[in-house]
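S.K.: Just so you know, the sequences run in chain order A and B. When we follow the numbering used here, the leftmost residue of the first sequence carries the number 1, and every step to the right adds one. When we follow the numbering used here, the leftmost residue of the second sequence carries the number 1, and every step to the right adds one.
The hints are simulated quantities; they were obtained by calculation from the structure and are not laboratory data. Cβ atoms here follow ideal geometry from the backbone N, Cα and C, with glycine treated the same way. Be careful, since some hints might not be right.
What the hints assert, rightly or not - Listed below are the simulated EDC-like cross-link pairs for lysine to aspartate or glutamate, each with C-alpha atoms no more than 20 Å apart in a straight line:
| no. | chain 1 | residue 1 | chain 2 | residue 2 |
| --- | --- | --- | --- | --- |
| 1 | B | K11 | A | D185 |
| 2 | B | K160 | A | E54 |
| 3 | B | K160 | A | D163 |
Unchecked claim - Beyond 12 Å from chain A on every Cβ pair, some chain B residues (computed):
| no. | residue |
| --- | --- |
| 4 | L25 |
| 5 | L95 |
| 6 | T171 |
| 7 | A175 |
| 8 | M211 |
| 9 | D312 |
| 10 | R327 |
| 11 | D395 |
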Amino acid sequence: MNPVRVVSGRVAVLDRPDVDTDQIIPKQFLKRIERTGYGPFAFFDWRYDEDGEERPEFELNRPQFDGACVLLAGRNFGCGSSREHAAWALSDYGFGAIVAPSFGDIFRTNAGKNGLLAIVLPPDEVDRLMESVDLDTGSEMTVDLERRVVVGPDGREVPFEFDEDTRHRLLNGLDDIALTLRHEDAIAAYETAHAIA
Amino acid sequence: MPETLFEKLWKRHVVCEEAGEPTLLYVDLHLVHEVTSAQAFEGLRLGGRRVRRPELTVATMDHNVPTLPGPISDDLARAQLEALRANCEEFGITLHATGSGHEGIVHVIGPELGLTQPGKLIVCGDSHTSTHGAFGALAFGIGTSEVEHVLATQTLLQQKPRTMLLEISGTLPQALTAKDLILGAIGQVGVSGGVGYAVEYAGEAIRSLSMEQRMTVCNMSIEWGARAGMVAPDDTTFAYLEGRPHAPQAAEWKRAVEDWRALASDPGATYDTHVVVDVDDLVPQVTWGTNPGMVVPVTGSVPDPASYESADDRAAAERALAYMGLRPGQRIEGLAIDRVFIGSCTNARIEDLRAAAAVVAGRTVDPRVEALVVPGSASVRRQAEREGLDRVFLDAGFDWRLAGCSMCLGMNPDILRPGERCASTSNRNFEGRQGRGGRTHLVSPQMAAAAALHGRFVDVRTLEHEPVAA
Chain A
1 MNPVRVVSGR
11 VAVLDRPDVD
21 TDQIIPKQFL
31 KRIERTGYGP
41 FAFFDWRYDE
51 DGEERPEFEL
61 NRPQFDGACV
71 LLAGRNFGCG
81 SSREHAAWAL
91 SDYGFGAIVA
101 PSFGDIFRTN
111 AGKNGLLAIV
121 LPPDEVDRLM
131 ESVDLDTGSE
141 MTVDLERRVV
151 VGPDGREVPF
161 EFDEDTRHRL
171 LNGLDDIALT
181 LRHEDAIAAY
191 ETAHAIA
Chain B
1 MPETLFEKLW
11 KRHVVCEEAG
21 EPTLLYVDLH
31 LVHEVTSAQA
41 FEGLRLGGRR
51 VRRPELTVAT
61 MDHNVPTLPG
71 PISDDLARAQ
81 LEALRANCEE
91 FGITLHATGS
101 GHEGIVHVIG
111 PELGLTQPGK
121 LIVCGDSHTS
131 THGAFGALAF
141 GIGTSEVEHV
151 LATQTLLQQK
161 PRTMLLEISG
171 TLPQALTAKD
181 LILGAIGQVG
191 VSGGVGYAVE
201 YAGEAIRSLS
211 MEQRMTVCNM
221 SIEWGARAGM
231 VAPDDTTFAY
241 LEGRPHAPQA
251 AEWKRAVEDW
261 RALASDPGAT
271 YDTHVVVDVD
281 DLVPQVTWGT
291 NPGMVVPVTG
301 SVPDPASYES
311 ADDRAAAERA
321 LAYMGLRPGQ
331 RIEGLAIDRV
341 FIGSCTNARI
351 EDLRAAAAVV
361 AGRTVDPRVE
371 ALVVPGSASV
381 RRQAEREGLD
391 RVFLDAGFDW
401 RLAGCSMCLG
411 MNPDILRPGE
421 RCASTSNRNF
431 EGRQGRGGRT
441 HLVSPQMAAA
451 AALHGRFVDV
461 RTLEHEPVAA
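So here's chain B without its partners, still in its complex pose (with noise of 0.2 Å):
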């Protein structure tokens, strides 16, 4: 019976299926962060267990680091470090440590050491996880009662979720990102369209994405509830892969790809349900409100709340505005900011930060505007060094950061001041996210640069040809 990639990827991972029982599936790759797992290391302490698989977990700090360089002031904070550093000393488990020169998000340092690979579990304490299912791998978020059970055996009890095919079809116009892409598609489907689901990214669209964009998408994955989201291996991702430092070497690496290409679904399988998005019209995707469903195009408005059919929908949306300081059919356009998150999981790879850089290149940010890059490691940091990105950006008048979380969730010192109203690059824009009261919008890295430059939203596409702002 022909197959999906989805079903392939839990079939090779059951350890145990029992009538009546959740399934037992073997995790091949643990990614370890400080803000989730000291509870579970204790766990492990009381219960006088170990870590069954330390080679097959890997630890960095990222959520509440620093991006300014010095000693940390926040004392929980660097406590909460301490313990990390102290538990994988203790339990055997890698560290890339702040100033390592390999620390940085997790899910930017999982594909770019090469340990992210397809055909993999991947878990981790974190709901952008997801991320990681852009390589053909099977990923998705675990809370941390879950980040200790894989610790203590290197399994996890799941329910085998529903599957979805989510096919975008068309071709993604010149000028638009996958950020636009996922935003677009969560905006159709709504926030919660994916519970349940294990979901398939496919179609011409998908496929002519670069891996980096691959990971935009799959990392939003849970922005709509979807369990996992996953794109089938390619020679995209073959290539992306080739010469990691932990992905297979020689010989290993040929037999490696042979067996990634099986991974694909095969053709005539089915899935529990099918959705198509297209994106021949797309135009760049602004959020207006605080979930990330609540989007629209650049070259739209604020929507009235009264055009709901629900009365749920109504009085969230009402909820919304009144947070977001916004009026029903307020233009997108034209509407003033004062702050720029470039930055994220979602959003602060090497070509990230070149899209960014190449709006920005040779112009100003506007004076009113607070602006700030955060790359997702050290080593896209220094790699954007290298290119000379840190001198567009610095020139420009954007902060030039250490690589962290950041203010995505803004539980290191960078977050917003009540009422300030941000263009960020990030995967969240709930109340209070980047800060008590901050007013996030969610746009793509080009999306960002532009309104920095313009201190207010403008159509990146429409850039070329308008006055830069003084």
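So here's chain A without its partners, still in its complex pose (with noise of 0.2 Å):
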């Protein structure tokens, strides 16, 4: 995994809670055995409508959200599947960072292994985090990982608190089997200790 600092550019918003990995990454493409290249298909039935055109109404369709690389999330965000392939897709797509009130367990640890930021903030600072981004210009938003920061398109700093562990793994693009077979002397004696033979 590259190590993941600072996040920054344009900001995207899709203000609807309880968004679910299916919705995320629809189940046609999960038959992919590939971690990579499901950034065309993120959102898909939500983005395209049946005969594969655009729908003008789905929120990250708008021109002022083209190339955002954070996303502005409503509660429980990747809520439902366990499927990785949600975090794949969402950082293919071009994503490095999404804020939210709350994620969904698996969906936030599956950000966490992928480099993709899941940084939660308290209700009403996402809501004005929203409420500060143009939506007729487009904005510009930081995540700094390394401050603990988000900085809004107003410039106001917003500190979030993150898994100093996750975070560590995160700055120093650590690989966590190597970090656990560290401690493969502990796993043999638990081994050996419960009779696992």
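Two chains, two frames, some hints: make the complex.
M.R.: Below you can see the structure in the form of structure tokens.
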């Protein structure tokens, strides 16, 4: 995994609660056995109509959100299915950070494993950030993992909490498995103690 | 200090606990299926790593297998299933492949083979892994990166969740089911009410459920956001497990039961949160919207978005009604349906099929309805056929299919067409879940069966008193 320190650029707003991972990446795209290339299918059924035409009413199809790398989202974002394809699709689509009042547990973990920052802010802070996005011209936002602050479109800084261990792994691009294997002796000792042959 | 079931399970699996770091937990059983594993095995190959404990890893084919006999016409699905077969061969993992006789939905075969046991830590790249918590196991879904981590290390890094006791008070009324119980509870606590919690379901209403019913309850833990859901093991648990292929045998069995009994939460143990849901007056539940918390009694009607306090909820309800093709105030009873799906890891075990068959017996599916029964496993299918349930369904006009996840998520050819309305025993009514544009209403097997006969939602409790549609 590549280190992640700061995500900065265009922000998109998807102000809907309980966006489930079935919406983020519909099931017809889960048959691929690759980790990459899911971006074109992100939010597929919301982005495109039955004829494959873009739906203008879908938030992320607004030209002001083109090329966004930060997503402001509603509560319980990424609930439902454990499909890591959801995190892969959002990253591949271009997002580096999602800011929301809460996340589905499994999605949040999956995001962390893929360098996609899942930032929790209080609901009223997310609302204020959403309100400060200029829907006519588009806006910019920064998520700074190093300093643990979000910088809103109006320049206002909002601090956030982030699990220190995950932060360390993300900032340094560390491989979970390699880190765990440093504890191989402890794993072996556990297996011996529990008679796992 | 008195401990909860969860605390005991957690403690038993700690490999390493260092301040400021997540806990490293040992995994006793890793269940694998075709959709979330290929990239993990590829990761192992790229890293030059092996599977640490192939004997603690068990694979099956379930998510995208067709439920009609014959070759797979979908090239991508076939490639994914072939990849699983090749990966299991390369890494020495037992695979219950299609046609082996032991295949089925991963959360159905684990328990029926006796692999699922109290006290175990069980993971799988599937959010409905919480099902196994019904046995007093710590069980939860993980992503593909974590699947790779477990394959390589047999451990998982976890932040300790908070604990919640969901006490089900009262007595489940006659003709009500575990599905109604959990849908009703989700309606009360909301779809994100469990986020960050490991939940223990308790109370007399839970105690009196069979193992299969407890699985239905725990299965849907993820539908209200819980990290895991569990029930303390008791005589019901032990009776279910005894004699199953992978259950401990002879002298070992006695020792195991003694150990398992000690898992129940100690008297006086405390939880971070305690929620009580009463079921004395529970009525069969039907979802009306696009998440499992959007649920009402069958005797009720579609809510008016204007009745919601928060703007978010109002907007979500409006979107859900538009997607579902419903109007505020519309009665649930009488709402016409096009399809019925009886299946999934929530409700496709033998007791579910018996309960649905009891409603169907001697009656006929409404001619406007296409109805499908997909047993949860090859073994459930065989058992049902021994009992003649297949004839009951077939004679009534249901399709009787091969085991798999099928129309729960529509990765195989069993999908809804746009606009079709389906009474489904599965676990998710998300937009497009069962097919793009499809409209899913989650119900119990009995309610799904009743809807199939009448071509519309009916209150299964009143069924005997109504003339059956010809």
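S.K.: Taking C-beta pairs only, is A175 of chain B more than 12 Å away from all of chain A?
M.R.: A175 of chain B is indeed farther than 12 Å from all Cβ atoms of chain A, at 30 Å.
S.K.: Hint check: K11 of chain B vs D185 of chain A, CA-CA at most 20 Å. Holds or violated?
M.R.: holds, 19 Å
S.K.: Would the hint linking K160 of chain B and D163 of chain A be met if the CA-CA limit is 20 Å?
M.R.: The given pair, whose Cα atoms are some 12 Å apart, holds under the 20 Å limit.
S.K.: Does D312 of chain B clear chain A by more than 12 Å, comparing its Cβ with all Cβ atoms of that chain?
M.R.: violated, 5 Å
S.K.: Please check whether the beta-carbon of M211 of chain B is more than 12 Å away from every beta-carbon in chain A.
M.R.: holds, 24 Å
S.K.: Taking only the CA atoms, is the gap from K160 of chain B to E54 of chain A under or equal to 20 Å?
M.R.: violated, 42 Å
S.K.: Evaluate the condition: distance from the CB of R327 of chain B to the nearest CB of chain A exceeds 12 Å.
M.R.: holds, 21 Å
S.K.: Taking the shortest Cβ-to-Cβ distance between T171 of chain B and chain A, state whether it exceeds 12 Å.
M.R.: With a cut-off of 12 Å, T171 of chain B remains clear of chain A, as the shortest Cβ separation is near 31 Å.
S.K.: Is the Cβ of L95 of chain B more than 12 Å away from each Cβ in chain A?
M.R.: holds, 16 Å
S.K.: Taking 12 Å as the cut and beta carbons as the points, is D395 of chain B off the interface with chain A?
M.R.: holds, 33 Å
S.K.: The output says L25 of chain B does not contact chain A. Does that hold with a beta carbon cutoff of 12 Å?
M.R.: Check fails; 10 Å does not lie beyond 12 Å.
Of the numbered hints stated above, those contradicted by the structure are hints 2, 4 and 9, listed in ascending order.
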